[in-house]
Every structure is written in C-alpha cells, then in structure tokens.
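Engineer: Residue numbers (this note's numbering), protein chains in the order written: chain A, 1 to 408; chain B, 1 to 408.
Watch out, some of these pointers could steer you wrong.
Said to hold, decoys possible - Sample of chain A residues with no beta-carbon within 12 Å of chain B, all distances over it, derived:
| id | residue |
| --- | --- |
| 1 | T103 |
| 2 | E204 |
| 3 | G238 |
| 4 | G347 |
What the hints assert, rightly or not - Covered stretches of chain B, going by a simulated chain A footprint (3 or more residues, C-beta under 8 Å):
| id | region |
| --- | --- |
| 5 | 9-19 |
| 6 | 158-170 |
| 7 | 197-207 |
| 8 | 243-252 |
| 9 | 264-276 |
| 10 | 321-333 |
Bear in mind the hints are in silico, worked out from the structure with no lab data behind them.
Each residue gets a CB set at the ideal place from its N, CA and C atoms; glycine is no exception.
Number of protein chains: 2
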Amino acid sequence: MSRGSSWVEGTHDSAFGLDNLPYGLFSTVDAAPRLGARIGDHVLDLRAAADAGMLPPECAANSLNPLMAAGRERWSEVRSAIQSMLSDTSRQTRVEPMLAPLTAAELRLAFEVGDWVDFYASEQHAANVGKMFRPDAPPLLPNWRHMPVGYHGRSGTVVVSGTPIKRPAGQRHGDDGPVFGPSERLDIELELGFVVGPGTSLGEPVPIAHAGGHLFGVCVVNDWSARDIQAWEYQPLGPFLGKSFATSVSAWVTPLAALEPFRTEQPLQDPEPLPYLRSPGPWGFDIDLEIALTTAAMREAGSAPHLVATTNFRDMYWTADQQLAHLTANGASLRTGDLLGSGTVSGSGRRSYGSFLELSWNGTDPVPLPGGEVRTFLEDGDEVILTGRARRDGHLVGLGEVKGRIVA
Amino acid sequence: MSRGSSWVEGTHDSAFGLDNLPYGLFSTVDAAPRLGARIGDHVLDLRAAADAGMLPPECAANSLNPLMAAGRERWSEVRSAIQSMLSDTSRQTRVEPMLAPLTAAELRLAFEVGDWVDFYASEQHAANVGKMFRPDAPPLLPNWRHMPVGYHGRSGTVVVSGTPIKRPAGQRHGDDGPVFGPSERLDIELELGFVVGPGTSLGEPVPIAHAGGHLFGVCVVNDWSARDIQAWEYQPLGPFLGKSFATSVSAWVTPLAALEPFRTEQPLQDPEPLPYLRSPGPWGFDIDLEIALTTAAMREAGSAPHLVATTNFRDMYWTADQQLAHLTANGASLRTGDLLGSGTVSGSGRRSYGSFLELSWNGTDPVPLPGGEVRTFLEDGDEVILTGRARRDGHLVGLGEVKGRIVA
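Please model the complete structure; the sequences and the hints are all you need to start from.
Structural biologist: Below you can see the structure in the form of structure tokens.
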C-alpha cells in the first residue's frame, strides 16, 4: 500500500501519515478515555466514528483489546476504513469534527496487558552482558543460539509513556552483607514490544507459520532495570524486583500492517534452529531506534534532549514469530494483550547499545553529556526518551515515543 | 471464633463446617457461574443470598475479585452474615433453597489472577535442589537467607483443579545438542497460594505490618514443572516454559480468617532479616498437606489414591507477609487477584518432600506404588491430588483439593 495523501493538514511528509495510523487510548477534558488513531498532530476519535457507523463496534471500546482480539481481517477492514475517512475529501466535513489536536489529548495505556514476557534476542546485548559478568567464559550461554531465552515479567506494572518512575529501593550486595536502599544503578533497556491479538486455548501450540495471525502491532518499550537489585537477587530464578517496579510502553501501538514495507531478512541463524522455530518468512524489521536523555541541568539550561545511542531493530537474532512459537510450544495459551518484549536492542558499535549498563561498560566508562555532565547510570531528574522511525523506499513510519523521568 | 453448629446436615464434624466456609465459583446445569461458600457437601449460592438482600452486592459478582478488593471489614461482615445464615435455625426455611449439593456444582476458577508470583520459601526444598544440582557448593545460594527469592510466572495459564494437564513438549538437553519432544521429567510442586485482596498504587511499598490487610485467603497450588525443559532453559533468566504450561489451583479459596486458629510462630530466621522484612507477628500456619497419586493401572484395579508424601506448612522459612513486603519494596503495585505461591513445601524427612524431583532424588530412587509400580516422574494417566487440612484445639479446617490428570 503506497502512501496516499490525507486532507489533514501537515501530514504529507509526516512520520504519522496515512501509512502509519497507530492506535492509542486518549481522553480530553470533556470526554472519557476512548480509542484513537494518530494522524499527524491529531487524533481521530474512533468511538465517534463507530457511533456514526463508519467503523465496527470494537472501535467504540475503551481499550484496544476487542479490536486486537477480532483478528486480521477485521484489522484490515478498520485500517482501510480509517485511511478512506482521512483521504477522501468528500468526507472531510463529516470527519473533521472527530479530530482532536494531540496537545489536547491525554494518552493512556492503550491495551490491557495479559502476560508480559521479556526475551533476550539481541546477540550483541547477550554477548555484552556475558563479557561483563562472565569474563572467563564464552560470552553466550549454551542455550542461547538454540532458543529465544525469555522470562515472565510483572504485567501489573506496565505503564504508559510519561508515567514518572520512582527510583526503586531494594536489597543489594554490600561489603558486610546485603544493604537496603534506593538503587544506585538504575538503568533502561531499549526494546520493541509485540502485542498479541487473538488468544489461544491451553494445550494448543501456535505453529510458527501461524504466528503472524496472532501479532497485532508494535510498541516501544523501556524495560527499566535496577542493576544492583538484579545482580543480588537473580540466582537461581531470574530477574524479579530489579525489573518489576515499572516497564514503560509507548502510548501508540503501530499495527504490523504499517511495518510491512520495512520487513527484511533476519540475521542468519547458525546452528539452524529446531523445526518448530524455523521461520517461513522474513521477520526482521528495518526500524531505527534512538535513546535520548535530558538531565535536570540540561532542562534548566534549556538544552534539547541529547542523543545517547542509535541502533536498528533489523539485527535482532531471534524474531517475534520465533518467540511466539517458542512461548506456546509447551501448550501455554495466549491472551489478547500479551506483550512480548524483544529484549534490549544493541548494535555492534559502542554508541549503538540499548542500555547504560553497556553504554558505560558496567559503569567503567561514563557516557559524556553536553555541559560537562557524564552518566554511568541514571540520576534523579533524568528523563529518557526512546523513539523509533522506519524509512525505506519512500515510506516513513514513526513509532510512538516512550518517555519517563526518574523521581527520587 | 469457636466452631458453632450449622443446621446443614453432616457438618458437625466436617472439615468444611461453619469455621471454614471457603469461597468458590460454581455453575449448575440451570444457572451461570456465581459465587458460593462451601458448607459440608453443599454450596451456598451467594448471588441468591445477595439478591435476597442477605449479603452485600460484591457477593453477586461472577468472580471473587470485587469481594476481595473490598477489604477486611467487608470480609468479616460477609463471613459473619454467612455463618449466621447457616446456623440460625429460624432462617433455615429461607436459606435452604439457596444450597446446591456439591455433586451438582461445576467448580470454576474463583478469581481473576493478576500477577502470579512464585517464591522459594522452604529451606529444605531449596537445600535439596542445591544438593542435587550443585553438589560441590553450599546447598543454599548466598541470597537465600536474606530475602524471599521469587519470580513471576504465567498468570494466563493458572487453571482450576480438575483441568487435564497435557504433557508439555519442549527443548531439552540431548547428547548431540538439544532435542524437542514431550517432557520426560514431568513433576509437581506442592504449594500454598496466598491471594491478594486490595491492590495498591505504583510507587507505594506495603510495610510488612500492613501485609495482612492485603491478603484475603489461601488456595492449594500445584505448580506443574517439566524438569528437563527447565534445566536446559533456565540460565540466566529463570524458569520459563518448564513451568508456564499450567499451574493448578484449588477451586476453594479459604479466607485467612478461617486459618487464624492455626497461626503459629515461623522458624527462627538467622541472620535476622533486614528491617523491611521483620515480621511483627506469627505468620506460620500449622496446616498438614498431602500428595496422593492414582495411576492408570491403579484406577483400573479400583485402588484408592496412594499417599505419596505428607508435610506441614508451619516450617516454611519465609512467610506470606514477608513475601508481600518484599514484592512491593521496590514500589511495585499489587492488583486484586495477585497470587503469591509459597514455593514447594518440603519437610525434613524423605516422605515429606513436595515434588517428585526430591521424592525420587532426581530420579535415582524411584517411589514405590501399590501393585508393584514405581515412579520417578509422572506418566500419562497419572492423577495427582494435593490436599490440606488443619486440626488444632478442636478446630478443623480443610483446604480445597487440587487435582490434575496427565494426558499425552
């Protein structure tokens, strides 16, 4: 589908034009939360459109779950209907009143999260962590190239972009036994999250060729991590309180349909995965990702956010269809709203890592910032902004940003 | 509160008398799922009672969550009202039609599970696992005596007692690299689960002295585990597919109020925990627990379930109030329906272990069964029944059983 043009002003060269149309949940001073689709700097009120008979009833819900549950055909139908509403000038008079300026919209968490599963799919990230924490062993553990390693996180603490992040307290290792207090190694993880559409029944694995039918869309994820809490607690059952205090997701969920032009081959997998993990089609996505930071001092000085790292999603070793097939291979059921995190997206160069743990190489090499500041881990007042943007063959699609400021 | 007597037949010496009154969700051929309280071999229809004005509106819901969310005062009020309905003979004529025989009730999952967190609180269990898997190291890892170690499980695959358990497939270690197929080391874990009542806001830890106000009741939990899948996958992020295929819980949730007579000192903790984990009151519970097994051959021979192990909950090192305080110490919020698993309950004698991993000592010492059969791990057709029962000073309270049969 090529990028048509919309009658909505300022959308011609926008990363939020007709080819994108991400979904979100928004409220305004005069109206309760309802679904919206972003077009340029406006939000189309999907409930109003559904009430006017222009969209099916799922669009009148107050979460994205009913639409996500409805499956691919419905997703296409709704997307086409929205594209037509926003491009057909003969409908402009009727549709225009359904637009709210983004500045007037308060964005909410767009979907009810079922289970939140976080993977570990970047080879560079897994190897970086291995080199730092197991310097005398091979950087990757023996299972890593055979399966998408993952774990369950706390779905009740998934929050929308903009939610302030209170610095977590917890136990950490001390010289004379463990101590309790605010984390001293507060970090981010730059990830993409794939959101599950139709659920499945217990005992019915999803064959990898069908995985796409269960994946609705993508959000940007900041998997906040307290490295000191995590290091002391994680043996033998994995990360727990070092991660569970908050996970921020972008308000906008970009449908996979909008990302089709950016689909690309994933990296070669060697050894070849077991049959249940052999992906039939390309599941790499060529999406640029960025980490930007504003400190309290920078805000005071009026400085713009500082670009700390840039990377691309296409090099992720394990792909979303493989993760979904693995997740269900044991018969585990899916629920609409399950969120599959890619794991930290780290590229091969030092300024392309997706966490401060890696960017500062475990705190040994501070990241320089404008105005002479440096960072190893996050300080109170720091605001982190993660964004994504895909550009290819004339197509341009922005992913929603995920932003969070650390408070004491 | 001493055990009064109920006009319901056969409840005088019952483990499900007036002092117990666990809650569940049931349906009958002629009526949709509704809340019930078990009395002897009957279920009191709480929706009917609420509709008749005898109970508050939370009791008319089709899950336990609204009542659990309402808090302690409401819990007491409802419990007293039910006790009065079932003991006051002047109300018998009005209340009797609200009773359904258990045999006519199909039991459902009583509550919507928020997050499912599984701990690892039995010292004997943690030490047994350590001895088997790290024979040359101290049995307990350095963090174990300092915090209730735990991890998040898959809440979407928590199922009610009676749900058939399909043997999970997965990757496991093989001599020439990993292989994929049905688990060959399918196991159980005998646990109690504490269910969260009122939720909390993000960033607000629950002080340990307030933990009790957030804990509504207790169910019996079978945390099914595929040991071969788990062993290959769990480094470094913890258990994942080895546990996520199903977790069975009893249909009946016993309110903590019913377990007060069995409250007892927990074991001495040495070293003394950090202040945020210092429990102000006794949080041990003197509850006998049992594992029974019926194999396909035993069923054919008409044999009764065979008692495989018996243990008691009172020796658990970490207690539910400590687990709840730890879980929220980093600011993680609670949701009504969050489920806190105790971890496998293992006693000090060989026949008091809470898993086949331990009972068969990692498969090296098979468990003898009637008719000459033996078991290391579970075979298809095996049915496992976990039950609990507390008896003390004339009080008798049964916990709901959790039952599950393995299917190929």
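Engineer: Looking back at the numbered hints, which does the structure fail to meet, lowest number first?
Structural biologist: 2, 3 and 5
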